[in-house]
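S.K.: I would like the entire structure built from these sequences, with the hints used as guidance.
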Amino acid sequence: MKLTLTLHAGLESLFNQQKKLELALDDSITPVSLIPWIRDNLLSGDPKQQLVVDDAIRPGILYMINDADWTLVDADSPLNDGDEIALISTIHGG
Amino acid sequence: MKCAVCGTGRVILKRMKNQEPVCKECFLRCFEDEVYEAIVQSNLFKKKEIVAIGASGGKDSTCLIHVLHTINQRYQMELDLRLVAVDEGIAGYRNHSLNCVEENAKIYGLPLTIISFKELFGYTMDEINAVVGEKKSKCTHCGVFRRKALDIGCEKIGAEIIALGHNADDIAETVLMNLFRGDVGRLERTCEIRSGSDITPDLLTKLQEEMKSHPAMVEYVDQRQYPFGLTPKVKPFKYAYQREIVLYVHYLQLKYFSVECTYAPVSFRGYARQFLLKSQAIDSSIIMNIVHSGERMKLMPQFANRAGDKSIMKLCTRCGFVSSQHLCQSCLLLDQLIRDDPAHPQNIDCIARSAHVLSNPLPDIEDTGG
Ligand code: SF4
Ligand SMILES: [Zn+2]
Ligand SMILES: [Zn+2]
Numbered sequence: 001m002k003l004t005l006t007l008h009a010g011l012e013s014l015f016n017q018q019k020k021l022e023l024a025l026d027d028s029i030t031p032v033s034l035i036p037w038i039r040d041n042l043l044s045g046d047p048k049q050q051l052v053v054d055d056a057i058r059p060g061i062l063y064m065i066n067d068a069d070w071t072l073v074d075a076d077s078p079l080n081d082g083d084e085i086a087l088i089s090t091i092h093g094g
Numbered sequence: 001m002k003c004a005v006c007g008t009g010r011v012i013l014k015r016m017k018n019q020e021p022v023c024k025e026c027f028l029r030c031f032e033d034e035v036y037e038a039i040v041q042s043n044l045f046k047k048k049e050i051v052a053i054g055a056s057g058g059k060d061s062t063c064l065i066h067v068l069h070t071i072n073q074r075y076q077m078e079l080d081l082r083l084v085a086v087d088e089g090i091a092g093y094r095n096h097s098l099n100c101v102e103e104n105a106k107i108y109g110l111p112l113t114i115i116s117f118k119e120l121f122g123y124t125m126d127e128i129n130a131v132v133g134e135k136k137s138k139c140t141h142c143g144v145f146r147r148k149a150l151d152i153g154c155e156k157i158g159a160e161i162i163a164l165g166h167n168a169d170d171i172a173e174t175v176l177m178n179l180f181r182g183d184v185g186r187l188e189r190t191c192e193i194r195s196g197s198d199i200t201p202d203l204l205t206k207l208q209e210e211m212k213s214h215p216a217m218v219e220y221v222d223q224r225q226y227p228f229g230l231t232p233k234v235k236p237f238k239y240a241y242q243r244e245i246v247l248y249v250h251y252l253q254l255k256y257f258s259v260e261c262t263y264a265p266v267s268f269r270g271y272a273r274q275f276l277l278k279s280q281a282i283d284s285s286i287i288m289n290i291v292h293s294g295e296r297m298k299l300m301p302q303f304a305n306r307a308g309d310k311s312i313m314k315l316c317t318r319c320g321f322v323s324s325q326h327l328c329q330s331c332l333l334l335d336q337l338i339r340d341d342p343a344h345p346q347n348i349d350c351i352a353r354s355a356h357v358l359s360n361p362l363p364d365i366e367d368t369g370g
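If you read the protein sequences in the order shown, they are chains A and B. Each residue of the first sequence is one higher than the last, beginning at 1 in this note's numbering. Each residue of the second sequence is one higher than the last, beginning at 1 in this note's numbering.
Please note that a few of the clues may not be correct.
[To be verified] No more than 30 Å apart at the CA atoms, straight line, and that leaves these computed lysine-lysine pairs for BS3-like: (1) B:Lys106 / B:Lys46; (2) B:Lys2 / B:Lys278; (3) B:Lys278 / A:Lys20; (4) B:Lys14 / A:Lys19; (5) A:Lys48 / B:Lys14; (6) B:Lys48 / A:Lys19; (7) B:Lys206 / B:Lys48.
[Stated by the list, open to error] Output of the computed footprint for chain A on chain B, the stretches with three or more beta carbons under 8 Å from beta carbons of chain A: (8) 8-18; (9) 246-258; (10) 278-284.
[What the hints assert, rightly or not] Listed below are several chain B residues computed to face chain A (Cβ distance under 8 Å; list not exhaustive): (11) Lys24; (12) Gln242; (13) Arg243.
Note that these hints are calculated values from the structure, not bench results. For each residue, glycine too, the CB sits at the ideal point set by N, CA and C.
M.R.: Right, here's the structure in full:
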């Protein structure tokens, strides 16, 4: 399946300043397993801990699937082809 | 699951305050209306009033500009909204965020006034950094000078009230920090939606009297209700959660700047913030519980006096801003800077500079170096 991942509010700095990535993933990936997948496949070094804590998105970072908070979707059923994932930091600046 | 407000929309989030599932349109509308209710309930603004909005280019002030502009029209509040921004002179940070402010000023058609540290104090933050050194925190200078610059900005546009983007999370953080440090004297003020509840009419009269005989202040006596330094600050986002502000800005794709300041310290505040973020994951009402607790705490009189006796307030003998000592913090810091600066910039006359900045249109101030 193919997904888009967009990064907002400073998180692009963890992804070499990329704001938008196209991801090709195994069809079994769920909202829960996507986060460690991103850590293991897209990040290296410090950014790993800056985005992910205990296999889940770090507190203070919003994780949206098709504009909806990820906790509203079934966490264990696979994501769908074409889903739009957005990660938004609430921590920086002000 | 359908939206709890309209009954049809696709649910995109649960509200922080009550876990109600809402659709995007209802969320945006409710968020705006709740800010409006907070404003009405606390009587923050008067019709036709000139309201300065402190604009930094960050998410909170960007959101505040959009929401105030929107509800001003929706509810015919007839506010004369204007933007005031401070240019601290931090290369790679403030110049970019000011671009955001300038764009927003254009989008909403709101007049923008920028007050720069260099103009007002003769130093940019980058130059201050060079004088005080990498190791010491720059945030005291920055905060003290910014407060002064904002007041000057308000005077320049004729506003005697300024709206700031501080949200519930910021306030909860500050409450915790005050507790951690034992600085309980600030608790009451931290939680105010409008500053100045501790300024009695007697004190105000006394300070206004002092203005009449202060060389730098005498010309403002008839124009201003409040002495410089006491311009009321209001927080329309006092009950707004950071998380919802970020989402609001995200859904509307408002332009904001989110890079951290070059001088941002690894701070105590960061520690309080992490603690709150983790607690919030367990119970989302923690933020507002702290805000409400802070609101209800009142110091016992024997401590209140020690913590900050307002009756000793006077005007800074030099610049005329309200101060608890002969010289205000800003004048003291500036004196210290000049002493520590091997380049010794000559004649940094803060009164002349303020007058310069206030006179319209802005003339160029000769660079005195430093
Ligand atoms: S972090 Fe930067 S902008 Fe904020 S107070 Fe410190 S020096 Fe000023
Ligand atoms: Zn709805
Ligand atoms: Zn002074």
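S.K.: Quick one, are Lys106 of chain B and Lys46 of chain B close enough, alpha carbons at most 30 Å?
M.R.: Distance of about 25 Å is within 30 Å: holds.
S.K.: Can you tell me if the stretch 278-284 of chain B counts as covered by chain A, using C-beta to C-beta distances under 8 Å and a minimum of three residues?
M.R.: holds (count 3)
S.K.: Within a Cα-Cα threshold of 30 Å, do Lys48 of chain B and Lys19 of chain A meet the stated pairing?
M.R.: violated (42 Å)
S.K.: Are the Cα atoms of Lys206 of chain B and Lys48 of chain B separated by 30 Å or less?
M.R.: Judged against 30 Å, a Cα distance of about 29 Å means the pair holds.
S.K.: Is Lys278 of chain B close enough to Lys20 of chain A, meaning Cα to Cα at most 30 Å?
M.R.: holds (28 Å)
S.K.: Are three or more residues of the stretch 8-18 of chain B within 8 Å, CB to CB, of chain A?
M.R.: holds (count 5)
S.K.: Can the restraint linking Lys48 of chain A and Lys14 of chain B be considered satisfied, given a maximum Cα separation of 30 Å?
M.R.: Judged against 30 Å, a Cα distance of about 28 Å means the pair holds.
S.K.: Would you check chain A against the stretch 246-258 of chain B, counting CB to CB pairs closer than 8 Å, and say if three or more residues qualify?
M.R.: Since 7 is at least three, the answer is holds.
S.K.: Checking one constraint from the list: CA of Lys14 of chain B to CA of Lys19 of chain A, max 30 Å. Satisfied?
M.R.: At roughly 26 Å apart (the allowed maximum being 30 Å), Lys19 of chain A and Lys14 of chain B satisfy the hint.
S.K.: With a cut-off of 8 Å, does the beta carbon of Gln242 of chain B approach a beta carbon of chain A closely enough for the hint to hold?
M.R.: Where the cut-off is 8 Å and the nearest Cβ of chain A is about 5 Å from Gln242 of chain B, the hint holds.
S.K.: Using Cβ atoms only, decide whether Lys24 of chain B comes closer than 8 Å to chain A, and label the hint accordingly.
M.R.: holds (7 Å)
S.K.: Would you check the hint for Lys2 of chain B and Lys278 of chain B, treating anything up to 30 Å between C-alpha atoms as holding?
M.R.: holds (29 Å)
Taken one by one, the earlier hints fail for this structure only at number 6.
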